[in-house]
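Q: The task is to assemble the complex, starting from two chains supplied on their own in separate frames and drawing on the hints.
From first to last, the protein sequence lines are chains A and B.
Residue numbering for the first sequence follows the working numbering, starting at 1 and increasing by one per position.
Residue numbering for the second sequence follows the working numbering, starting at 1 and increasing by one per position.
It cannot be assumed that every hint is accurate.
Unchecked claim - Beyond 12 angstroms from chain A on every Cβ pair, some chain B residues (computed): (1) A7; (2) T26; (3) K28; (4) V62.
To be verified - Listed next, the stretches of chain B that the computed footprint assigns to chain A, with coverage defined by at least 3 CB atoms under 8 angstroms from CB atoms of chain A: (5) 13-23; (6) 50-59.
Derived by calculation from the structure, the hints in this document are not laboratory data.
A virtual CB, placed ideally from N, CA and C, is assigned to each residue, including glycine.
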Amino acid sequence: MTQNIVSLASIGRFNNKKPVTGCAASGNTSCGSAAGPDDLSAEVWQKVQDHPCYSEDAHHYFARMHIAVAPACNIQCHYCNRKYDCSNESRPGVVSEKLAPEEALRKVLAVAAEVPQLSVVGIAGPGDALAQAEKTFRTFELIHAALPHVKLCLSTNGLALPDHVERIAQMGIDHVTITINMVDPEIGAQIYPWIFYRHRRWEGLEAAQILHERQMQGLEALTAKGILVKVNSVLIPGINDGHLMAVNTAVRARGAFLHNIMPLISDPAHGTHFGLIGQRGPTPAELRQVQDKLGADAKLMRHCRQCRADAVGLLGEDRGAEFALNKLGEVKPFDPHQREIYLTVVEQERADRQKAKEAAQMAQTNETPVLVAVATKGGGRINLHFGHANEFQIYEVTSAGARFIGHRRTDKYCVGGQSDGNAFDTTLKALDGVACVLCAKIGDSPREKLAAAGIEASDHYAFEYIEASAITWYATKARNEATAASA
Amino acid sequence: MAYKIIAEKCNGCGSCEFECPNRAITAKGAIFVINPGKCTECKGIFPTPQCAATCPVPKCCVQA
Ligand code: SF4
Ligand code: SF4
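Here chain B stands alone, though its shape is the one from the complex (with noise of 0.2 angstroms):
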């Protein structure tokens, strides 16, 4: 399992890419991405994912 990131939603702040533990998250153009290859949903590391505790914008970091 991965989250991923709403590309129409995504300001491109980069709070989400700073927090990953993972280094999962990257900036593609002006927004930013995941890579699902990476991510294990902080699993193990912190008790919820970083990126949509961190992420402004409501429901811009989902559940893939």
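Chain A with its partners taken away, still in its complex shape (with noise of 0.2 angstroms):
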């Protein structure tokens, strides 16, 4: 566990730093060069930048860990069996450590004395954060007392919002998200079999019904107090795709200040019900159709991993299993010394990381934006190798910019050495019309199969910045491509 999480070896940097005051060390980058979105307030943007959920580029430099203190839950959706940890914050077919709020903070206190980098925690399941409230509540009680720094986020269905807003404002907690898959009930009831809500059970019309007013009652509340909501929707084509713009539409209406789209994930293994009748999920083409459709929003969300509850970590990378309980020993205490320190790095590694990009644009120009895949494990650098990858970060390429478009998950083809097969199939699906690979690191055989495929694969910009390579391999790319043709 020396490690830490954003690879501070790769910015090399870290290791002969000394404290300093001044706004780097407050812990708020007030003062950073990231510039926030047109479309958010300047009050909004100070809350989410440095948000590795919310913020694009704070999701280089900081962590989040989910801590999976609520089982229970109080609604039934089809994309969930129950078996398993629900799928619309988690990772579908995992199942997560179960913890008492006094068992979550000394997992939290664990992973805080390993990882300066974590600045949020965040309660999402596995089943509901307020289907028993008291106990979500409690444990944020326990870490704020503990940790003060770290910023306490939940996440919600909803259903028992409206009862425990005044307890959430109360204890500080600024950030909510509420899973919205609809406004109309008649949608509602082909997502939702059944609510528990005032002691029985609801279905068809009227639970859709009762959950959708919930819903609006419990967003309304919580922006009427200065709240940060962001509202998650699961795509589910066929069903409510073309229904998602009504939904944006009612949650901006009443104060959400993102809109996030994530697609459905759908195995008839994992036992649920939109699994087994062959509800299929998204392509990532028609997911990305209907994120641009809600334009900004989708452009600070599209990061967002569908982390499991239990999940710890930044970007790809989750270390949730180094810190299963029975693992833990004597938890060292947490010293803020070292948050410090990475606080200023951090400074330094966004302002390069932005001069470096600025450096190598060039002016506007026509070109034809290409997809270029990236393996990172954080920093904002190319520093993952090719196998150690489970997802890749989708960036559109021109020798103008390069823009984050979304991220892109793969099965981790390369398991102790072992390359299988079957896995690598499922990383070029996900590489699907990407032109280019930047990693760290590639063997010559997945690189000889991505060749066969048609993609490029390239550590030749190993630890450097992603969108500054990127754009130096695309303007490299299209003067070789002018000169092959005027040869």
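A: Quick look at the structure:
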């Protein structure tokens, strides 16, 4: 457990840094170089810029952690079978460790001692964080007392939300995520078979109607208190794909600051209703089409990777297993000093990365953009072995710029050095439409297989900044092609 | 009369324990069990047995 999540070794300057005072060490990076998106108020941007789930820039540097203290749920979704974790905030097919509040605290302290980047702790399941709200609040109280600098967030389906808004505000929880898949009960009835509300089970239209009303009430009450609310919607082709614009309008009107679209992940092996009846998830292109329609919101949230309820990590790296309760020995005390050093380094890294990007950019051209996939474990650098990538960051690149558009998950095809042919197919699928993969290292065999699929792979930019490298790669390629054409 | 939990079906979510008005349900390892001595089938308190109404697994909380 000596290696830090952001692979601090790959940011060489970490080791010989002294803490400084001033804005960089204060924990809020308001003098950071990354500009806020045009349509967010300064106040909102201030709240989200260091949040690894919300800010496109921060997710390279700050880590989030979800703790699974909420196994019970009060609604049934057709994309969940409750044998596994909830797939709205979690990865389907995975069972997370269930923790009592005191155990959760122990785990958070263990992570904070190892990972100075830890800045957000969330409760998102595996059931609903507010179905047994006491447990969730008790956990937050313990964490806040021990680590006051850590931001707290929670995710809920909204059914119990109106009853707890007061408490959420009192506790200083400043981000809440609500999963809202519909604003029309007719559509809701196709997604939710039943809810448990006021001591009885409701089904069909009635259930969807109650859920819808409670979600809207909860959302309004939260935003009225100045709490940031993100809305997640699961894109279910054929059921709510055409309806998500209406959801967007409704939640925006009630003050949601972000609306994030996530793909339905559906597989018969998960035993969910949707999985069993063959309801498919969206293709990457379908997902992108809907995200594009929703505009700027999607830009902020495209890196959402549906982390598991007990995920610990940054970007595609998941270190949850490392911090399993039964593996925790004596927990080291949290050292604020380490965190200050880290924040100083992040300040410089962010500024340098921006400079490198600007330097590599050329005047606006009318080139056709291409997709570049990047293997990274954080720090905004190309610093992950191709075979170790759980996911790729996808950038749309021209010689005028590199724009982050999302991430695509893959099964790790290299586990313990064994290459698995089937998993490689999954990787190829994830790389659909991509022109080039930038990674820290890649073996000859996968390189050849990628070439056969028409995908270039390069480790030429190992450990360099992502955007600057992608732009340089594109410009070099364009120059070579021009030379070849004129020869 | 009392309710019981079918052990092989229970996923251990704890929803039933939380809802039971008689504290008749407790954890036993990774799953939950009903103490038949304490279970009243929720009669006189709620219109339907709460464990069965909240349990996410079909036919997991049933009449013993
Ligand atoms: S609600 Fe059902 S699945 Fe959950 S613990 Fe009780 S019996 Fe088990
Ligand atoms: S039927 Fe009612 S009293 Fe009996 S175990 Fe279930 S919830 Fe408790």
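Q: Confirm or reject each hint.
A: Tested hints:
no., hint, result
1, A7, "14 angstroms, holds"
2, T26, "14 angstroms, holds"
3, K28, "14 angstroms, holds"
4, V62, "15 angstroms, holds"
5, 13-23, "holds (count 5)"
6, 50-59, "holds (count 5)"
Checked against the numbered hints above, the structure breaks none of them.
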